[in-house]
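Visitor: This is what each chain is made of:
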Amino acid sequence: MTDATVSTYANAGGPETALPLATSSRASKRKARKIAAKGPKRKITWDRVWAQRALLVMAVPLLLYQILFKYVPAYGWVIAFQHYRPGRGNVWNQQWVGLENFRNLFTGVNGKQFRNVVLNTLGQSLLSLIVGTIGAIVLALLLNEVKNFPFKRVLQNITYMPHFLSWVIVASLAAVALSLPTSGGFINQGLMNLHLIDHPILFLTQPHYFWGIVAGTNLWKELGWNTILYLAAITAIDPTLYEAAEVDGAGRYRKMFNITLPGIRPTIVVLLIINSGWILSTNFELPYFLGNGLVAQRAQTIDVFVLHYGYQLGNYSLAVVAGIFKTIVAIILVGSANLAAKRLNQETLV
Amino acid sequence: MSVGLVGCTGHAATDASPSKPAVIPAGDLADKSGTLTPSNPTTLSVYIESTHQIPAADNKLTKLLQDKLGVTLKYELVTPENSDQKIGVMLAGGDYPDLIGTGDLKLRFIEGGALTPLDDMLKTGKYPNVEDYAKPYIKQMSYSGAATDKGLYILPNYNRFFGDVTGGTYYGPAFWIQKRVLEDAGYPDLSNMTVDKYFQLISDYKAKNPTTDGAPTVGFEAPAPTGSEWILTNPPAMLAGSPNNGGVIVDKDNHASIYADKDTAKNWYQSLNSQYNQGLVDPETFTLTNDQFQAKLASGAVLGMQDQGWQFGNATDSLRSAHKDQYTYVPLMPVNDGATPYYADRAVMNINQGFGVSSTSKQKEKALKFLDMMLSEPWQKVLSWGVEGEDYQVGADGKFTRTDEQRAQSKDLTWMASNKLMALLDMIPKHNGTFSDGNAFSPDDQPTEFYATLSAYDKSFMEKYNKKTWMEFVNKAPENPKYYPAWNIKLDDAATQANQQLTDAAVQNLPKIIAGKTSDFDKNWKAYTDTIGQIDVKSYEDAINQGIQDRLKNW
Numbered sequence: 003m004t005d006a007t008v009s010t011y012a013n014a015g016g017p018e019t020a021l022p023l024a025t026s027s028r029a030s031k032r033k034a035r036k037i038a039a040k041g042p043k044r045k046i047t048w049d050r051v052w053a054q055r056a057l058l059v060m061a062v063p064l065l066l067y068q069i070l071f072k073y074v075p076a077y078g079w080v081i082a083f084q085h086y087r088p089g090r091g092n093v094w095n096q097q098w099v100g101l102e103n104f105r106n107l108f109t110g111v112n113g114k115q116f117r118n119v120v121l122n123t124l125g126q127s128l129l130s131l132i133v134g135t136i137g138a139i140v141l142a143l144l145l146n147e148v149k150n151f152p153f154k155r156v157l158q159n160i161t162y163m164p165h166f167l168s169w170v171i172v173a174s175l176a177a178v179a180l181s182l183p184t185s186g187g188f189i190n191q192g193l194m195n196l197h198l199i200d201h202p203i204l205f206l207t208q209p210h211y212f213w214g215i216v217a218g219t220n221l222w223k224e225l226g227w228n229t230i231l232y233l234a235a236i237t238a239i240d241p242t243l244y245e246a247a248e249v250d251g252a253g254r255y256r257k258m259f260n261i262t263l264p265g266i267r268p269t270i271v272v273l274l275i276i277n278s279g280w281i282l283s284t285n286f287e288l289p290y291f292l293g294n295g296l297v298a299q300r301a302q303t304i305d306v307f308v309l310h311y312g313y314q315l316g317n318y319s320l321a322v323v324a325g326i327f328k329t330i331v332a333i334i335l336v337g338s339a340n341l342a343a344k345r346l347n348q349e350t351l352v
Numbered sequence: 132m133s134v135g136l137v138g139c140t141g142h143a144a145t146d147a148s149p150s151k152p153a154v155i156p157a158g159d160l161a162d163k164s165g166t167l168t169p170s171n172p173t174t175l176s177v178y179i180e181s182t183h184q185i186p187a188a189d190n191k192l193t194k195l196l197q198d199k200l201g202v203t204l205k206y207e208l209v210t211p212e213n214s215d216q217k218i219g220v221m222l223a224g225g226d227y228p229d230l231i232g233t234g235d236l237k238l239r240f241i242e243g244g245a246l247t248p249l250d251d252m253l254k255t256g257k258y259p260n261v262e263d264y265a266k267p268y269i270k271q272m273s274y275s276g277a278a279t280d281k282g283l284y285i286l287p288n289y290n291r292f293f294g295d296v297t298g299g300t301y302y303g304p305a306f307w308i309q310k311r312v313l314e315d316a317g318y319p320d321l322s323n324m325t326v327d328k329y330f331q332l333i334s335d336y337k338a339k340n341p342t343t344d345g346a347p348t349v350g351f352e353a354p355a356p357t358g359s360e361w362i363l364t365n366p367p368a369m370l371a372g373s374p375n376n377g378g379v380i381v382d383k384d385n386h387a388s389i390y391a392d393k394d395t396a397k398n399w400y401q402s403l404n405s406q407y408n409q410g411l412v413d414p415e416t417f418t419l420t421n422d423q424f425q426a427k428l429a430s431g432a433v434l435g436m437q438d439q440g441w442q443f444g445n446a447t448d449s450l451r452s453a454h455k456d457q458y459t460y461v462p463l464m465p466v467n468d469g470a471t472p473y474y475a476d477r478a479v480m481n482i483n484q485g486f487g488v489s490s491t492s493k494q495k496e497k498a499l500k501f502l503d504m505m506l507s508e509p510w511q512k513v514l515s516w517g518v519e520g521e522d523y524q525v526g527a528d529g530k531f532t533r534t535d536e537q538r539a540q541s542k543d544l545t546w547m548a549s550n551k552l553m554a555l556l557d558m559i560p561k562h563n564g565t566f567s568d569g570n571a572f573s574p575d576d577q578p579t580e581f582y583a584t585l586s587a588y589d590k591s592f593m594e595k596y597n598k599k600t601w602m603e604f605v606n607k608a609p610e611n612p613k614y615y616p617a618w619n620i621k622l623d624d625a626a627t628q629a630n631q632q633l634t635d636a637a638v639q640n641l642p643k644i645i646a647g648k649t650s651d652f653d654k655n656w657k658a659y660t661d662t663i664g665q666i667d668v669k670s671y672e673d674a675i676n677q678g679i680q681d682r683l684k685n686w
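Protein sequences, first through last, are from chains A and B.
Under our numbering, the first residue of the first sequence is numbered 3, with each subsequent residue one higher.
Under our numbering, the first residue of the second sequence is numbered 132, with each subsequent residue one higher.
The shape of chain A in the complex, shown without the other chains:
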């Protein structure tokens, strides 16, 4: 992050955003920000390095940490090109097989399954991300409007409690909630009491519900937690903006849409960019605990597939191929999300 982006980020809720009320000046504001973002390029000179020596020295251990634990282990990727067997000493004492593992994963029966699990992973993650983000923003806006402070605190605490439950517990709760009324399925019970359905639905045996179940359970667990950042961003908005808006005769909804939302827009964008990198890696627990044969077509994700066909069959090479695939896709996703944000003139990560 350059100094320039840091400053715009810090000023995001500052005076500049006061302008949106007058829509005509939006374009000029964008232009101004673009100039600020580019800024005058500063040259790196030895003087500057010397002046910042303390900072640089402090950065060294972190840099080493990153290299040691994030880059060095990547040599294990050679396993992808081997017929790897554990217990042969090291990874160089193995049989080399070229691209056979890639062929095995991406073609034939495995290839068909793998395309399916990639689709499931994307589907479940994107749905969870969209539902989760919208839910968190809405809740943050609503909480922000609660003027009774103790009530707001209690509400906030209650909503973020589920974040601290482990996925095993959450999955069991979800399984019970979605089961038949005789097994404690209160969702079915509720729907039947409301006369929305005549017969209980076996949610966990119907493939087309599964993505929704994942997104819903994610929402339930993480909703409160995700609002914390948004609430923090909201408190950084200059209260004088609201006062000015009030003087101009803006109501609650007007202020919400024209001050609060634009104020937290940079936060939303940055969080979306960060989360886009996790899209292929986040969905293991729920599909693993809730998935079964009947819904496997929509439930199985990359990680679950890798567990079955890689680790459980002792085929580590296949697992590594899948890991490489995930890494490359994640880099592309973060890069393109960042690029898209830049194009849209939003705050970016790098």
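These are calculated hints, taken from the structure and not from any lab test.
Do not take every clue at face value.
What the hints assert, rightly or not - Example chain B residues on the side facing chain A (calculated, C-beta under 7 Å, incomplete): (1) Gly219; (2) Ala355; (3) Gly358; (4) Thr418; (5) Thr627; (6) Gln632; (7) Val638; (8) Gly664; (9) Gln665.
To be verified - With a cut-off of at most 27 Å between alpha-carbon atoms, the simulated BS3-like pairs for lysine-lysine come out as follows: (10) A:Lys328 - B:Lys217; (11) B:Lys542 - B:Lys590; (12) A:Lys114 - B:Lys657; (13) A:Lys114 - B:Lys393; (14) A:Lys114 - B:Lys654; (15) B:Lys383 - B:Lys270; (16) B:Lys397 - A:Lys114; (17) B:Lys237 - A:Lys114.
The C-beta atom is built at its ideal place from N, Cα and C for all residues, glycine as well.
Following the hints, put chain B in place on chain A, whose structure we already have.
Guide: Chain B only, in chain A's frame:
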């Protein structure tokens, strides 16, 4: 205390002779060779795949091990359901406990180099009990694949028989039915059983008794819990009159082929499909985990299922201890027209499942000596029967007997935690059959004990059928084919993957087929067989046939 233990074992790693003069305790439970003595205590770490719990802290046999051998066991217990992951992680880590007790049919511990070949150690003659155990069957017990050195790695945990084979309980595959169903139907004739008759019995009873102890009565369960998917996939083979060969049926020319896409499977799942639509099959059955399945059986509400007897032993135990014998099960043997039931087989040695000594153990001699001691008749009796005078008595004729109180407590799970080493007993090599003094290996196999432990309900039930043991409800096992059984043939990588894909295809398609509309059956069945068609089934069948031929040649 524990610090002392660790210190001593550290020495023993490099030095076979004890650091202190060994004091060998009296009695035939002591190690006369002086390797394992209380004066030089040993701590052995043990990995065991078992559904049993870690014994209670005050366990009396744990104390006996310390008193007689100076051995403390440090357990790492993993349920079979979770063992697949655990093994993968252990192999990736490359550090293993001293002793590994595994049921892994993929032989990952052996092929991953986690186990030590025992052949050279046995040649030293220091392990007479292990030698005695392994020698006659060394070819079957040894690893013969190509991934690592050939040799004896694992001592099988079950069915290496000594003396006569006795026993009254049936642990094999069957279509099980609750005793109350047969009682209600007036103890009908069970011979010439068919799938239709079986479901008729169940549906008649269910119609009359829609609830059981307040819960809805369940007609039939066909779950596919992780690791036990064969509950769902094996019935077609049994119905075709084939013994349990896993995923294949072996014809009389010793040629194996899969049956998942054949008529016997189609007919079975079609009838299951029609039963499902008549409400006889539990709609939740396909989402059950093994724990939930056992819990359902233990609730007593399930009238029938196809399963192997040992798989739901815990549920049966819990029903018995609650005195609900009418909810326990009897094995039935339905077959297709023209087939002869071949459900019961001669118990086969559990090759590749059992205990081995790890390759990273720093005290291999002591670890093997521990197995050797456990294989001695006195210790086998302790593990299986308990302590003489406390858990059983020896009659004037030398026969072991138990009082009613001893019998009752032997089935009490809390009592077992403090008085038995169930997890160890699960994986330790056993003296199945009879001991040299004529007593059966376990109380359940002792003919007099078996009959005496039957509840009044069970006794009268058996009288109605004029039978003395549960074994008599199934076919008399003929001599096993020489290669038998095909399910424990080791597969190569391509075959393993094909096998997994077949299992996945079954687990994903069969529930749809069974729970689908009757009119959709043909469409769903075609989707399933199409999926199978895309899998490299040939590599799987070839690997099995190769294994059969090898066994015919070498065993």
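Visitor: Can you name, in rising order, the numbers of the hints this structure does not satisfy?
Guide: Structure breaks hints 3 and 8.
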